[in-house]
Amino acid sequence: MKRTGEKIIEVALSTSGLITILTSVGIIWVLVSESFSFFQVVSVWDFLTDTQWTPLFTQKHYGILPLLSGTFLVTAIAILTALPIGISIAVYLSEYAPKSFRKSIKPALEILAAVPTVVYGFFALTVVTPFLQSFIPDLGSFNALSAGIVMGIMIIPMISSLSEDALYALPKSLREASYGMGATRFQTAFKVAVPAASSGIIVSIILAIARAIGETMIVAIAAGQQPNLTADPREAVMTITAYIVQVSLGDVQHGSIEYKTIFAAGITLFVLTFVLNNISFWIKKKYQEKYE
Amino acid sequence: MNNTLKNRLIDSGFKYFAIFCTFFGLIVLAIFIIQILIEGVGRIDWGFLTSLPSRRASKAGILTAWTGTAWILGLTALISIPLGVAAGIYLEEYGKKNRLASIIEVNIANLAGVPSIIYGLLGLEIFVRTLNFGGSLLAGAFTLALLILPIIIVATREALKAVPKSLREASFGMGATKWQTIWYQTLPAASGGILTGIILALSRAVGETAPLIVIGALAYVPFVARTPMDEFTVLPMQIFNWVSRPQHGFIVNAAAAIIILLLITFVMNGIAIYLRNKWQKKVNW
Chain A
124 MKRTGEKIIE
134 VALSTSGLIT
144 ILTSVGIIWV
154 LVSESFSFFQ
164 VVSVWDFLTD
174 TQWTPLFTQK
184 HYGILPLLSG
194 TFLVTAIAIL
204 TALPIGISIA
214 VYLSEYAPKS
224 FRKSIKPALE
234 ILAAVPTVVY
244 GFFALTVVTP
254 FLQSFIPDLG
264 SFNALSAGIV
274 MGIMIIPMIS
284 SLSEDALYAL
294 PKSLREASYG
304 MGATRFQTAF
314 KVAVPAASSG
324 IIVSIILAIA
334 RAIGETMIVA
344 IAAGQQPNLT
354 ADPREAVMTI
364 TAYIVQVSLG
374 DVQHGSIEYK
384 TIFAAGITLF
394 VLTFVLNNIS
404 FWIKKKYQEK
414 YE
Chain B
129 MNNTLKNRLI
139 DSGFKYFAIF
149 CTFFGLIVLA
159 IFIIQILIEG
169 VGRIDWGFLT
179 SLPSRRASKA
189 GILTAWTGTA
199 WILGLTALIS
209 IPLGVAAGIY
219 LEEYGKKNRL
229 ASIIEVNIAN
239 LAGVPSIIYG
249 LLGLEIFVRT
259 LNFGGSLLAG
269 AFTLALLILP
279 IIIVATREAL
289 KAVPKSLREA
299 SFGMGATKWQ
309 TIWYQTLPAA
319 SGGILTGIIL
329 ALSRAVGETA
339 PLIVIGALAY
349 VPFVARTPMD
359 EFTVLPMQIF
369 NWVSRPQHGF
379 IVNAAAAIII
389 LLLITFVMNG
399 IAIYLRNKWQ
409 KKVNW
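Residue numbers (the numbering used here), protein chains in the order written: chain A, 124 to 415; chain B, 129 to 413.
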């Protein structure tokens, strides 16, 4: 009797685990089936090479490139902002700072990641853009620069926390050897520790890129709503995520081609983040615990 | 000699630069919060909390938004906590070596990296259309529950992992079954860590906007939701709507609503950090 009860419980528990698999299957099924019928109307070639994205206009073009360029532009700005700051924090906390400081500042930095993204969007639009406009006169009121910088601030803790873990996990002997040669802490940090922890640091950067690509509210509020094939950060751009938001807010008929575009955009986004995440898993697995 | 001096200068130069970096994000956030307080705190009064949305900025309130957020919080918790904790128990206590468990594990790592807006597309097709929930609270709660499930599962596993083996062995030694051991010993011992994870996950759900926009949560809902099948709005959604309007009055409203949203988020995070510290002290077995 007890045995059956135990077995039932185990099955119930594993069913909950299966929900997560169903979620993945559901995501892939939804994206593939809806974009499949999209690609019966629009050829994959046009989708990938057309330089205009105007599904909601009379003259319809379905080229994902402007959305991709917008996404990459904002992501690049975000990473350029977060990377130097994040790595400096990581090096400082693991190589310079006293233990007690490290312990109290890490949770404080996590606050940056806990703030809802819609709040960051408000910040970008009402504080950062006017501030930047004071010395970049031809900056539009919607622009990639401000959205990217604010997104960078948001992902600082991702880079700093994971990189710091990687640095902190290095064996002490490595640093002692360097100090023994007369190196300063700076030299030890950047010529010994950072290269030794490079796999962990790269993982943190890749995950930060994936996070930035999928970020929605900051760009939907502050980067504008114009699909724009440009590398100029002063201009308004539209990211993949911002496009999905734009269509969702409007009155688009279910089953129409406009409706299906959000799934085609969604599958592009999904593939990008999926590939990046799996590269990071692969690096983590391959180079983990090299020094132990 | 000159070289040594140069290296020392670089060394301490970097130190101060890095200290600046460490506080940079926090300072920016502080500036921002002060700005928001200046802009919005005067707008918060009883009327703001108890008024329905309106086309006139000075008359608009957040009653539907905060009640919607409360509904979403409750429903999402009801759905995600049992599922997440159960899956975490399974992976940590039962599925150590089996194939299903390792597939689920890789899968959870992948799900945690899926952008939230993709969950919105999933919710739109499955809950809104196929199951016919429409743009209701229930559809929103299911969507957000799936989104935060990986966080709860991972937190549950880590909390269970921290419980020492000796506790389980003592329980088995007394003749308890596996489930009795988990229910009466392991789970209570891990409860602090699990609770911390649940609160952090729910605070994430409270701040989410993108998936709810996709499933069709409305910015303008002129009534307070009474059942889980009602249409709804939430605080982040209301803020997004107000931010998108050109009139300054709505920007003030958005700032005021942000103060309330940040208050909720920070209180939840504060409770979680408090619980974590308390639990970590206790857990030095």
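Check the hints yourself; a few may be wrong.
Claimed, not checked - Only pairs whose alpha carbons sit at most 27 angstroms apart, straight line, appear in this in silico DSSO-like list of lysine-lysine:
| no. | chain 1 | residue 1 | chain 2 | residue 2 |
| --- | --- | --- | --- | --- |
| 1 | A | Lys183 | A | Lys314 |
| 2 | A | Lys295 | A | Lys314 |
| 3 | A | Lys130 | B | Lys224 |
| 4 | A | Lys130 | B | Lys187 |
| 5 | A | Lys130 | A | Lys295 |
| 6 | B | Lys289 | A | Lys226 |
| 7 | A | Lys222 | A | Lys130 |
| 8 | B | Lys306 | A | Lys130 |
| 9 | B | Lys289 | A | Lys229 |
| 10 | B | Lys225 | A | Lys229 |
| 11 | B | Lys306 | A | Lys408 |
| 12 | A | Lys222 | B | Lys306 |
| 13 | A | Lys407 | B | Lys224 |
| 14 | B | Lys289 | B | Lys225 |
| 15 | B | Lys224 | B | Lys293 |
| 16 | A | Lys409 | B | Lys289 |
| 17 | A | Lys314 | B | Lys143 |
| 18 | A | Lys407 | B | Lys289 |
| 19 | A | Lys407 | A | Lys229 |
| 20 | A | Lys226 | A | Lys130 |
| 21 | B | Lys306 | B | Lys289 |
For the record, the hints were derived by calculation from the structure and aren't laboratory data.
Taking the hints in turn, this is what the structure says about them:
| no. | hint | result |
| --- | --- | --- |
| 1 | Lys183/A - Lys314/A | 54 angstroms, violated |
| 2 | Lys295/A - Lys314/A | 15 angstroms, holds |
| 3 | Lys130/A - Lys224/B | 16 angstroms, holds |
| 4 | Lys130/A - Lys187/B | 59 angstroms, violated |
| 5 | Lys130/A - Lys295/A | 48 angstroms, violated |
| 6 | Lys289/B - Lys226/A | 22 angstroms, holds |
| 7 | Lys222/A - Lys130/A | 47 angstroms, violated |
| 8 | Lys306/B - Lys130/A | 10 angstroms, holds |
| 9 | Lys289/B - Lys229/A | 22 angstroms, holds |
| 10 | Lys225/B - Lys229/A | 34 angstroms, violated |
| 11 | Lys306/B - Lys408/A | 32 angstroms, violated |
| 12 | Lys222/A - Lys306/B | 40 angstroms, violated |
| 13 | Lys407/A - Lys224/B | 21 angstroms, holds |
| 14 | Lys289/B - Lys225/B | 15 angstroms, holds |
| 15 | Lys224/B - Lys293/B | 14 angstroms, holds |
| 16 | Lys409/A - Lys289/B | 24 angstroms, holds |
| 17 | Lys314/A - Lys143/B | 16 angstroms, holds |
| 18 | Lys407/A - Lys289/B | 21 angstroms, holds |
| 19 | Lys407/A - Lys229/A | 22 angstroms, holds |
| 20 | Lys226/A - Lys130/A | 43 angstroms, violated |
| 21 | Lys306/B - Lys289/B | 16 angstroms, holds |
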